[in-house]
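Produce the entire structure from the sequences given, and follow the hints as far as they go.
Per UniProt numbering, residue 1 is the first one in the sequence shown, and the count goes up by one each step.
Everything labelled a hint here was simulated from the structure, so no lab data went into it. We put the CB at the ideal spot given by N, CA and C, even for glycine. Warning: the hint list may mix true and false statements.
[Unchecked claim] Pair ranges (Cβ atoms, derived):
no.: 1; residue 1: R366; residue 2: N63; range: 47 to 57 Å
no.: 2; residue 1: A323; residue 2: W11; range: 38 to 48 Å
no.: 3; residue 1: R122; residue 2: R665; range: 24 to 34 Å
no.: 4; residue 1: A817; residue 2: H991; range: 29 to 39 Å
no.: 5; residue 1: G973; residue 2: R582; range: 50 to 60 Å
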Amino acid sequence: MSKLHGRDREWASVLRFLSTPGGLLAIDGPPCSGKTFLLGEAVHAARDRGYLAVLVPGEQLANSAEVARTLELDAPARPLLAVDHAHADPAALLTLLADVRERPVTVLLALFGHQAGAAVRRALPEHGEVLPLGPVDAAAVERVVRDVLGAEPAPELAAFAAAAGGDPRLVAELVTGLREEDRLDVRDGVARLRDAPPPDAPRPDAPRPDTRPRDPRLRNPLLHDALLHDALLHDPLLHTSQWHDPRVHDPLPQDSRAHHARPNARYEAWLRDARLPARVVDLVRGRVAALPAKATQLLRVAAVIGRSFPLHEAAAMMGETTAALLLTVDEVIASGLVVSTGERLEFGSELVWRAVVASIPEPVLRALRHDAAVPPAANPARPLDLTGAPDPARAPDPAQPPSPAAPSTPGVPLAPGVPSAPGVPPPLAAPPDQVQPADQVQPPRPARLLDPAKLPTPTRSPNTQLPTLTQPPAPAPPPDPTEIEESTRGAAAVRDVRALAANGRLGAAIALARDSLTTRLDPAAAAELRVVLAGILLADGRPADAVAETEQVRITAGVPGPLRRLAEAGRLLSLYFATGARAGAHALSMLTVRDREVSDADVVMAATVHSCLEWSAGNLAEGVYWGRESTRWELDRPTAWWQSQSSVAFALKLSALGEFDDAERLVRGDGAVVDDAVTTGAPAARTIARARVLTQAGRLAQAQVAARQGLAAARDRGLRLLVPLASTVLATVALHRGEVTAAAEHVRRYRADLAAGEAVLHSGQYDWVELLLGHAQGGHDRAAEQVRERLADPGATRRMLIEEPGAAAWLVRLALAVDDDKLAGDVVAAAEELAVNNPGFPTAAVAAAHARALLDRDVDGLLAAAGRHVHPWAKANANEDLAVLLAETGHADRAASHTALALRVFERMGADGEAARLRRRTGHAQPGDGAGWQRLSGPERDIARLVGAGLTNRQVAKQLYLSPHTVNYHLRGIFKKLGISSRVELARFTHQQETSTV
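Structure, rendered in structure tokens:
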């Protein structure tokens, strides 16, 4: 385990997966990310835990005899199949996924999902869990260096390794190559680079601080001109247009700057010119060569432009349109070699970029540099910049001295940003017919540069009764470049962090935000960035970190009121997720403050948190009151995704009370919350909550579709906070439908998600689903043991009884089945206490009455409960309980009637497993049209319900993740089984099923 640097979380996920036999875990990462090593360690750990593990390469998957033998083993043998480079044979992998679905085989895969293809990427989440491997942090990078060399890295070596962008294989190859080429000096336990200046030494050639704006791309043209004019007066170096863009030329990757001092210009120059070890160049060359030819071409052309490059320039040099390269861009981004940074693409790390340049043959590099250096007007294939403004992102670092040849060939600069490796000559000069005569050459001049002497003299109209100005007034003091720089940098950081988060790259967004906060930013921009970062951290399941960020906003002066209130609201919700009841005092104190507007974000969130805590404590009236108030108030701007918790939490309360229409109305549609960072957070939260509402309303097919949609959105965008609750909905639906294996897989997944995160959407559903699954897998005895454990926590028991009105009777029924009268009595006492403490809530009263009547064998009490339950599943169970008691007391006719009613409710819900169980117990055959309905399979019933609701084949296919052709095929079978011939008849038939009198 000592070699798994920076993979602690991933390794913990592997160990959690191995704790229970069965299931599938796919380790997905780009080349050289360490997935093969992690898979090997996982196989060793599995064998230590008693698994019979077999490891095969992906190339042999289709024809391996070991694979065939492993698939035939029984559960007691604990078979485990591990496949390395599973992407090598996608067809065999898809076949394997289908084969292991119903087999007691544990499967571990290591693959690069992009190379496996879209079909495999879609199938993996349906069959198991996908564990992505990203870059490791700076501390892990230093541990890699320490392990390889057996010595501590000096600052300059650590900074060089950090330029690998968190790629552990690349770091190891870099350090090993430096040692092999005798470029390291190891003394006194410290490894130093020979001839390298320290990265944090003061710059001797810079007597004054550089206050020029880092990003000159200002939106206001006049401000742009004023700053340029002032800067040109103070720094002649700018006449060469050598603007410095730290996003392009910074030798440290974004996620490592917080761990290292900012390198000085001398070290930057050394780092750019230092020769890379051959091992690094060979490694990157192999990764580039593994891509398709067009992708390889794009990477090499782009590398000549610079580490950061606009796509249209690379396309122009390749003689392609931008549109023609879209698929190729997808390939290079998926390879991990290039990332998207707003409007530009950028190589994933400094070392990768330089290695790609170094891998280009020298004659080709000469020619490409020449193409990149030709002025646009002389190269029709390249876009023409009519403004005359330099491209700041491609300009070389001003700290690097200009080339000696620059004065003689000012029109042909070196391709910006390209490192000049030793032994590689400078680019060719432009052809003679493209070089301007010396007397016509003008130094580059920024576009629209204003000359104050040429400004028109302002005058006043006589009507103003002011004297006409004959002399220009004294110029206003120029804006402070430092303030402009801080404001511009802050706005750019907020924009870039939001863009990363919106694309689902939460880890990269967090790293960029924290890196930006280490620089000087305008206080308002820094506060906005912290609020955005807190929302991303909360989505990632890290509420304690979110609290820390919002706390900083609270103590910062000058923050606008709405933003400060939003930060306070985020702090309160994060405290609730992190500590539960400990957030109650904060919420209550905020609600008692006078002179506050009810639309203030912090007041609304205080009402939400107070509502949730009172609800969980069993004070339903208080919980409902504050929950309703929190959804009545219109939110001030700005808003954040997590503010959807107000409507989501109240909708779940209404659903537990049986007010399904009002609950669904709260979580249907887009809602009022808008978040430019976590754009899918609020919609995904509402979709998952709607799935829960639909489940309790007995609309299981629609609930499954909504839960799948919400889960897919949450997983795709990295919203780990929302994933477990979606999995519980899918597990509940699967159990009601009799799909125990699928339910077990959903439970296994959300257990891993809960263990991996720090936050959880507080719900009694987790305990409830665990009990249902335990009963389905292990029968009464196993479930009863789990119930005894749960009852030891009164808070957990109370939440479960509140959120699932049928739970109390189910628990009593289970206790009676194992002859545990004490357990049954404890459950009834808890349910009755809840009902007594909450008068006026019929769901609590009928749940307690149902449990008591079942314990006392009270026919009248059960009859009343069956009529008063508004939750379909609880109503069906009450009718089944009544039928059992009537049959035992000799009232067979009445028993059969209530059994039929229970069956009807289960079938209307789509709870095929519950209906099948009841039929097996009673031998009951459904009369009338239901006989035809029973001939349909589960998928056919789902299709029939949706088609009967008026959906087209294409709409049904989208909801059920099928193809329209498959839907049409099933529809023909449905018509045949039901003896009908049109969609109108099918609609009438399903309507009868849904609206049968209970």
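Hints and how they fare:
For R366 and N63, the Cβ-Cβ distance of about 48 Å falls inside the hinted range of 47 to 57 Å, so the restraint holds. As the Cβ distance of A323 to W11 is approximately 43 Å, the hint placing it in 38 to 48 Å holds. About 33 Å separates the C-beta atoms of R122 and R665, a value consistent with the hinted range of 24 to 34 Å. For the hinted restraint 29 to 39 Å between A817 and H991, the CB-CB distance of approximately 37 Å keeps it satisfied.
Look at G973 against R582: about 57 Å separates their beta carbons, and that is inside 50 to 60 Å.
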